[in-house]
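For the protein sequence lines, the chains are A and B, in the order given. The first sequence begins at 1 in UniProt numbering and counts up by one. The second sequence begins at 1 in UniProt numbering and counts up by one.
Any given hint could turn out to be false.
A pair counts as met if it fits within one copy or between any two copies, since identical chains are not told apart.
Claimed, not checked - Each computed DSBU-like pair below joins lysine-lysine, with the alpha-carbon atoms no more than 35 angstroms apart: (1) 120 x 274; (2) 274 x 125; (3) 5 x 120; (4) 274 x 20; (5) 390 x 5; (6) 274 x 233; (7) 429 x 120; (8) 274 x 390; (9) 5 x 411; (10) 184 x 5; (11) 175 x 125; (12) 274 x 184; (13) 390 x 175; (14) 175 x 274.
None of these hints come from the bench; they were simulated from the model. Quick caveat: nothing in here was measured; it's all calculated off a predicted structure.
Protein chains: 2
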Amino acid sequence: MNPIKIGLLGLGTVGGGTLKVLQRNQEEIRRRAGRGIEVAMIAVRNLDRARAIVQEAGATVPVVNDPFAIVDSPEIDIVVELIGGYDLTRELVLRAIANGKHVVTANKALLAVHGNEIFKAAQDKGVMVAFEAAVAGGIPIIKALREGLTANRIEWIAGIINGTTNFILTEMRDKGLDFDTVLKEAQRLGYAEADPTFDIEGFDAAHKLTLMSAIAFGVPVQFERAYVEGITKLEAVDIRYAEELGYRIKLLGITRRAEAGIELRVHPTLVPAKRLIANVEGAMNAVVVNGDAVGPTLYYGKGAGAEPTASAVVADLVDVTRLHTADPEHRVPHLAFQPDALSDTPVLPIDEVRSSYYLRMRVADETGVLADITRILAEGGISIDAMLQKESREGEPQTDIIMLSHVTVEKRVNAAIAAIEALPTVLSKVTRIRMEELN
Amino acid sequence: MNPIKIGLLGLGTVGGGTLKVLQRNQEEIRRRAGRGIEVAMIAVRNLDRARAIVQEAGATVPVVNDPFAIVDSPEIDIVVELIGGYDLTRELVLRAIANGKHVVTANKALLAVHGNEIFKAAQDKGVMVAFEAAVAGGIPIIKALREGLTANRIEWIAGIINGTTNFILTEMRDKGLDFDTVLKEAQRLGYAEADPTFDIEGFDAAHKLTLMSAIAFGVPVQFERAYVEGITKLEAVDIRYAEELGYRIKLLGITRRAEAGIELRVHPTLVPAKRLIANVEGAMNAVVVNGDAVGPTLYYGKGAGAEPTASAVVADLVDVTRLHTADPEHRVPHLAFQPDALSDTPVLPIDEVRSSYYLRMRVADETGVLADITRILAEGGISIDAMLQKESREGEPQTDIIMLSHVTVEKRVNAAIAAIEALPTVLSKVTRIRMEELN
Numbered sequence: 001m002n003p004i005k006i007g008l009l010g011l012g013t014v015g016g017g018t019l020k021v022l023q024r025n026q027e028e029i030r031r032r033a034g035r036g037i038e039v040a041m042i043a044v045r046n047l048d049r050a051r052a053i054v055q056e057a058g059a060t061v062p063v064v065n066d067p068f069a070i071v072d073s074p075e076i077d078i079v080v081e082l083i084g085g086y087d088l089t090r091e092l093v094l095r096a097i098a099n100g101k102h103v104v105t106a107n108k109a110l111l112a113v114h115g116n117e118i119f120k121a122a123q124d125k126g127v128m129v130a131f132e133a134a135v136a137g138g139i140p141i142i143k144a145l146r147e148g149l150t151a152n153r154i155e156w157i158a159g160i161i162n163g164t165t166n167f168i169l170t171e172m173r174d175k176g177l178d179f180d181t182v183l184k185e186a187q188r189l190g191y192a193e194a195d196p197t198f199d200i201e202g203f204d205a206a207h208k209l210t211l212m213s214a215i216a217f218g219v220p221v222q223f224e225r226a227y228v229e230g231i232t233k234l235e236a237v238d239i240r241y242a243e244e245l246g247y248r249i250k251l252l253g254i255t256r257r258a259e260a261g262i263e264l265r266v267h268p269t270l271v272p273a274k275r276l277i278a279n280v281e282g283a284m285n286a287v288v289v290n291g292d293a294v295g296p297t298l299y300y301g302k303g304a305g306a307e308p309t310a311s312a313v314v315a316d317l318v319d320v321t322r323l324h325t326a327d328p329e330h331r332v333p334h335l336a337f338q339p340d341a342l343s344d345t346p347v348l349p350i351d352e353v354r355s356s357y358y359l360r361m362r363v364a365d366e367t368g369v370l371a372d373i374t375r376i377l378a379e380g381g382i383s384i385d386a387m388l389q390k391e392s393r394e395g396e397p398q399t400d401i402i403m404l405s406h407v408t409v410e411k412r413v414n415a416a417i418a419a420i421e422a423l424p425t426v427l428s429k430v431t432r433i434r435m436e437e438l439n
Numbered sequence: 001m002n003p004i005k006i007g008l009l010g011l012g013t014v015g016g017g018t019l020k021v022l023q024r025n026q027e028e029i030r031r032r033a034g035r036g037i038e039v040a041m042i043a044v045r046n047l048d049r050a051r052a053i054v055q056e057a058g059a060t061v062p063v064v065n066d067p068f069a070i071v072d073s074p075e076i077d078i079v080v081e082l083i084g085g086y087d088l089t090r091e092l093v094l095r096a097i098a099n100g101k102h103v104v105t106a107n108k109a110l111l112a113v114h115g116n117e118i119f120k121a122a123q124d125k126g127v128m129v130a131f132e133a134a135v136a137g138g139i140p141i142i143k144a145l146r147e148g149l150t151a152n153r154i155e156w157i158a159g160i161i162n163g164t165t166n167f168i169l170t171e172m173r174d175k176g177l178d179f180d181t182v183l184k185e186a187q188r189l190g191y192a193e194a195d196p197t198f199d200i201e202g203f204d205a206a207h208k209l210t211l212m213s214a215i216a217f218g219v220p221v222q223f224e225r226a227y228v229e230g231i232t233k234l235e236a237v238d239i240r241y242a243e244e245l246g247y248r249i250k251l252l253g254i255t256r257r258a259e260a261g262i263e264l265r266v267h268p269t270l271v272p273a274k275r276l277i278a279n280v281e282g283a284m285n286a287v288v289v290n291g292d293a294v295g296p297t298l299y300y301g302k303g304a305g306a307e308p309t310a311s312a313v314v315a316d317l318v319d320v321t322r323l324h325t326a327d328p329e330h331r332v333p334h335l336a337f338q339p340d341a342l343s344d345t346p347v348l349p350i351d352e353v354r355s356s357y358y359l360r361m362r363v364a365d366e367t368g369v370l371a372d373i374t375r376i377l378a379e380g381g382i383s384i385d386a387m388l389q390k391e392s393r394e395g396e397p398q399t400d401i402i403m404l405s406h407v408t409v410e411k412r413v414n415a416a417i418a419a420i421e422a423l424p425t426v427l428s429k430v431t432r433i434r435m436e437e438l439n
């Protein structure tokens with residue numbers, strides 16, 4: 001059989017990796033797919049640089065400047081979008097679909113924001129939009145969620161899905177350093193970008209979480225409803241106290257099916273140190289999925305980088321190659337559930353989320369302080385699971401109190417914090433970090 | 001669309017779990033599959049017990065005594081084989097295939113031994129034989145290997161794929177107890193069977209490893225070539241010494257693409273304590289897959305039990321339901337590679353395997369002993385990575401020496417061990433345990 005022809009939009013890190021993997025493993029891939037996968041055209045901004053990369057990969061592929069030349073080319077079966085960003089890519093992907101081409105993309109931002117429109121267009125046209133590479137790089141988590149766990153009512157997902165922030169948190173803990181210091185180091189080493197906002201403020205993780213949530217619960221993508229909190233305000237002292245209490249702090253994307261709706265939130269989270277996911281270090285990614293039949297399962301691997309991401313892109317290419325002439329009913333629905341069977345379960349506002357909490361406050365070292373605080377918590381219906389009070393230093397009439405709460409509703413904790421901060425004996429703002437047992 | 005009709009052969013732990021999950025999550029499953037999955041007939045030995053289970057699950061399904069009634073029924077689309085064992089099941093599965101029915105099975109033993117015959121028959125007849133539940137219970141590892149990592153040249157797989165032995169090893173380590181004591185406890189708790197041979201001697205793990213090896217490397221299943229060593233001879237002292245050196249001992253199934261062939265082996269293995277897989281405790285399973293593009297990935301979850309295994313059975317049912325009327329070319333090949341593209345790379349005999357080694361010996365506490373031993377190792381081309389010599393106890397003229405070697409060929413180690421054991425100052429047999437860095 002003739003090879004299937006693909007067009008690459010973009011030849012950056014992931015594009016270059018994809019070209020290289022397709023070239024190096026072409027025989028292995030053909031033995032699996034039953035058919036070769038040929039890069040027939042590449043569109044880039046910088047033609048000279050691209051030609052050098054193509055040559056280095058040992059390939060011979062025409063390189064063009066205009067991405068629409070690929071999207072409109074009758075020669076191309078699958079468009080691989082690796083440009084990134086929303087505007088141009090939305091136009092390119094929708095035009096590829098309108099032209100009856102399948103699309104493979106690593107663009108989590110595009111799908112988290114415009115996914116409903118794109119999947120609808122693909123559905124109507126009978127083409128596939130595959131996006132394994134958009135979440136957790138080389139880890140086949142989309143496939144696991146969408147196909148591997150179809151027996152389950154998924155209860156929750158919790159994932160380390162941003163390598164930059166996990167690298168920073170690992171360094172902060174290992175070296176006892178503050179966020180700013182470690183961020184600079186991460187930038188120097190290439191683990192963080194010059195403008196790291198997207199990563200460190202949690203948006204990248206929220207894009208990925210949005211996609212997983214839709215697939216897990218059969219709801220539309222709704223990034224605009226996600227609660228997003230990054231790691232920029234995290235202090236070394238809380239990492240240390242958490243450690244003393246048997247916890248690690250990770251930036252987790254969490255989505256859960258609660259009674260009143262779906263939780264969709266990204267924030268720093270205390271996790272028991274003995275959990276496998278608490279031991280995921282450096283730039284690695286891991287996702288825990290809890291299904292009602294299977295229980296907790298975990299998927300771990302490299303969440304970024306040229307070849308790990310290319311691994312996911314090419315896996316999608318093989319899937320699409322296998323099914324591209326098949327009746328659409330034989331294909332897996334884009335969001336795991338049949339398009340006419342999506343649910344309108346709402347995403348809960350963060351106030352309504354249920355979690356445990358780590359609370360740290362600086363208090364005057366006087367009689368009755370603790371009584372006042374615990375009374376406020378009790379009146380708020382918040383029960384305490386563990387407490388740590390540090391001895392005040394010689395001559396210092398202040399001390400840190402750390403409390404771990406049982407599971408409660410966030411708005412109750414916020415109300416209690418306001419009352420606690422109003423106490424004259426409480427000398428600082430209350431630092432509040434969410435905590436999950438994940439069992 | 002009418003529901004697809006399945007027939008269950010067997011209603012034991014997994015069969016009961018499958019019935020329950022299909023019943024409880026029928027709506028969720030239909031929303032995903034686009035079609036209901038209906039248990040239309042069940043064959044069992046004990047009719048009364050089965051009827052009680054069916055009633056308890058809230059289902060109404062005819063129960064029969066003769067499994068061939070299902071396999072031959074024109075009403076049944078998919079046969080789910082959950083009986084276990086080789087002989088009857090081989091006949092049933094082949095007859096189901098001959099009748100043009102798809103098969104879903106959890107039977108690792110059957111496929112590891114008769115897989116080539118069964119997959120060939122299915123291929124010729126154009127039906128699917130799905131077996132996600134045969135390896136690592138609810139973890140979708142077959143799907144990850146067969147579809148999620150198709151871009152990769154798989155380099156090696158290492159897995160904790162038997163919960164019973166991992167439970168025993170965890171207890172031996174936590175409590176410092178010997179194998180026999182812990183086995184009895186495991187039997188009492190239901191983690192080990194009355195006749196635990198299959199688990200503790202490594203055969204169950206070897207069946208599962210054989211299937212993963214075939215899928216990873218595109219070779220036929222060849223269980224008869226697997227090297228199988230269980231945990232029955234493992235001593236608490238070695239678990240302790242390994243710990244001191246920074247390692248844990250796990251029963252691993254390892255398959256690796258080496259230069260001269262494929263390694264296929266199950267045995268106790270030292271693994272660095274900091275690896276995620278070293279921290280997989282109790283009856284849990286985990287598999288590490290290393291691909292050339294993606295790097296190391298890990299998959300973790302429950303490897304046995306009614307509902308975790310049912311999770312895999314039902315995922316297969318959804319896959320088969322989706323593709324059962326599709327042209328066979330749209331389906332994933334049984335062993336990941338196209339049947340005409342299998343390779344005849346041989347499985348290496350254990351003597352030719354490359355590994356690191358943990359060696360423990362009891363020696364006389366005399367000058368020159370260590371010099372003799374290290375000379376023998378050096379002459380055998382074996383280099384030492386770490387050594388631990390325990391101080392001899394007061395008045396005891398003997399001591400334990402533990403050595404960790406660098407990677408070498410097994411036959412060299414065996415020759416060196418024979419020479420070491422011949423030394424008059426070496427007072428015991430040399431305990432040899434293989435060791436893998438898994439990075």
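- Of the hints given before, which are not true for this structure? Per hint list: 1, 2, 5, 7, 9, 10, 11 violated.
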